[in-house]
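With these hints in hand, go ahead and build the complete structure from the sequences.
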Amino acid sequence: MQWNLLVIEDDKALSDGIRLALQDAQHRIVQAETLHAGKCCLEKMIETSGRGEQERIDLVILDLNLPDGNGLELLQWIRERLALPVIILTANDLEIDIVTGLESGADDYITKPFSLMVLRARVRVRLRNMQGARPMENGQEQSIQIGPFSFAFDKMEYRKNGENLVLSRTEQKLLRILVENRGKTIPKERLLDQIWADGGEFVEDNALFVAIKRLREKLEDRSSSPEYIKNVYGIGYMWQETDRDSSEDRTWSGSGS
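Just so we're aligned: 38 in this note's numbering is position 52 of the sequence shown, and the numbers increase by one with no gaps anywhere.
Hints are computed from structural coordinates only; laboratory data are not their basis. Warning: the hint list may mix true and false statements.
Said to hold, decoys possible - Now the in silico label distances, taken between C-beta atoms and shown as ranges: (1) 79 to 173: 42 to 50 Å; (2) 221 to 98: 24 to 32 Å; (3) 51 to 170: 30 to 38 Å.
Stated by the list, open to error - Here are the simulated SDA-like cross-link-like pairs (lysine to any residue), alpha carbons at most 20 Å apart as the crow flies: (4) 170 to 25; (5) 204 to 114; (6) 146 to 203; (7) 216 to 176; (8) 98 to 176; (9) 216 to 206; (10) 170 to 90; (11) 30 to 7; (12) 25 to 7; (13) -2 to 170; (14) 98 to 202; (15) -2 to 23; (16) 170 to 195; (17) 25 to 67; (18) 159 to 200; (19) 146 to 174; (20) 170 to 151; (21) 199 to 165; (22) 170 to 217; (23) 30 to 11; (24) 174 to 219.
Keep in mind that this is a model prediction, so the values were computed, not measured. Where a beta carbon is used, it is the ideal one built from N, C-alpha and C, also for glycine.
Structural data, given as C-alpha cells:
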C-alpha cells in the first residue's frame, strides 16, 4: 500500500528536500506552495470520495506562514471535514505557538530548523497509528470498527454488537468529532462551535452536557461509569481508547470484506 502525503510549504527548496527524504515505494509526495493549492488538493479528495489513487491524501505536513494566509486556518478547515493526521512544520517556535497549534487540532508540531530523519520517523509513526483516515476503499465507504462499535458516518449507520443505534443529528456530529480525534481531549468550546455552528446563536455549556449524557446512554454499558466518552475535568471530553480497542484493529468495509 502506498501512502500519499501532502506537503504545504512555500519554500520550494525545503519542500523538495522533504520530498526527497520521504518519497519511496511506500510514500508519494504531493506538493503545494499556498493554502489555496493545498485546500484544492483536499477538496478534490472530498469530491471524489478518495476513490482515485492520485486524489487520496493520507497525511498533511503543514507550514503556518504561507503567502496567502495562516496555516491554522486550513487546519481548522481540515478538522471540520476530515480525520487526516496533520503535522505542523514551522519556524514559529514560541511555547504559545506550539500550544495553539496542538490545541487547534495538529497531531504533531515540529519547529524549524529540524532533522529530516526525525520528520521521517514522526511521519511513519503517524501513518502506522492512523485510525480511520482513509475515506474509501474499493469505492465503498469506510466503516470504523472500535471494540463493539461499527460507525459509517456518511451513511449514518451506527451499530453496537451488530445492533442498530438511533442517534439524533446532534449526537451524530458529537460522536464523529470524538471518534475522529480519539485519544485526544477536545475542548468544550471547540465542540460547541463545531456542533452548533449552523445555528448562529449562543449555545450554553448545558446543551453539550445534555448531548454527552444522551450519547453515553446509547453507547455505554453503564452511562454513569463511561468506558469510552470521558470527561477531562475543566477542559472538555475525549473518546478514550481501551485495551480492547487496540487488540481489535480498525477495519474498512469494502467489496469482498
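Hints and how they fare:
With their beta carbons about 23 Å apart, residue 79 and residue 173 fall outside the hinted range of 42 to 50 Å. The hint said 24 to 32 Å for the Cβ distance between residue 221 and residue 98, and at roughly 29 Å that hint holds. Checked against the hint of 30 to 38 Å, the C-beta distance between residue 51 and residue 170 comes to roughly 25 Å, which is inconsistent with it. The suggested pairing of residue 170 with residue 25 is violated, with an alpha-carbon distance near 24 Å, which exceeds 20 Å.
Taking the CA atoms of residue 204 and residue 114, the gap is near 31 Å; set against the 20 Å cutoff, the hint is violated. Distance hint between residue 146 and residue 203 is fulfilled; the C-alpha atoms sit about 12 Å from each other, no more than 20 Å. About 16 Å separates the Cα atoms of residue 216 and residue 176, which keeps this hinted pair within 20 Å; it holds. Taken as a hint, the residue 98 and residue 176 pair is broken in the structure, with Cα atoms around 28 Å apart against an allowance of 20 Å.
A C-alpha spacing of about 11 Å is found between residue 216 and residue 206, which places the hinted pair at or below 20 Å, so the restraint holds. For the hint linking residue 170 to residue 90, the alpha-carbon distance of about 11 Å falls within 20 Å, and the restraint holds. Pair hint residue 30 plus residue 7 does not hold up; C-alpha atoms about 26 Å apart against a cutoff of 20 Å. Among the hinted pairs, residue 25 with residue 7 is inconsistent with the structure: their alpha-carbon atoms are about 23 Å apart, more than 20 Å.
Between residue -2 and residue 170, the direct Cα distance comes to roughly 33 Å. Violation of the 20 Å bound is thereby established for this hinted pair. Of the supplied pair hints, the one linking residue 98 and residue 202 is violated, its CA atoms being roughly 42 Å apart against a limit of 20 Å. Between residue -2 and residue 23, the direct Cα distance comes to roughly 14 Å. Compliance with the 20 Å bound is thereby established for this hinted pair. This hinted pair checks out: residue 170 and residue 195 have alpha carbons roughly 18 Å apart, not beyond 20 Å.
Distance check on the hinted pair: residue 25 and residue 67 sit about 12 Å apart at the alpha-carbon level, within 20 Å; holds. For the hint linking residue 159 to residue 200, the alpha-carbon distance of about 13 Å falls within 20 Å, and the restraint holds. About 26 Å separates the Cα atoms of residue 146 and residue 174, which puts this hinted pair outside 20 Å; it is violated. For the suggested pair residue 170 and residue 151, the alpha carbons sit about 24 Å apart, so the restraint of at most 20 Å is broken.
Taking the CA atoms of residue 199 and residue 165, the gap is about 16 Å. The hint holds against a cut of 20 Å. Annotation: proposed proximity of residue 170 to residue 217 holds, straight-line Cα distance about 11 Å (limit 20 Å). This hinted pair does not check out: residue 30 and residue 11 have alpha carbons roughly 23 Å apart, beyond 20 Å. A distance of roughly 11 Å separates the Cα atoms of residue 174 and residue 219; the hinted pair therefore holds under the 20 Å criterion.
Against the hints set out earlier in the document, violations occur for numbers 1, 3, 4, 5, 8, 11, 12, 13, 14, 19, 20, 23.
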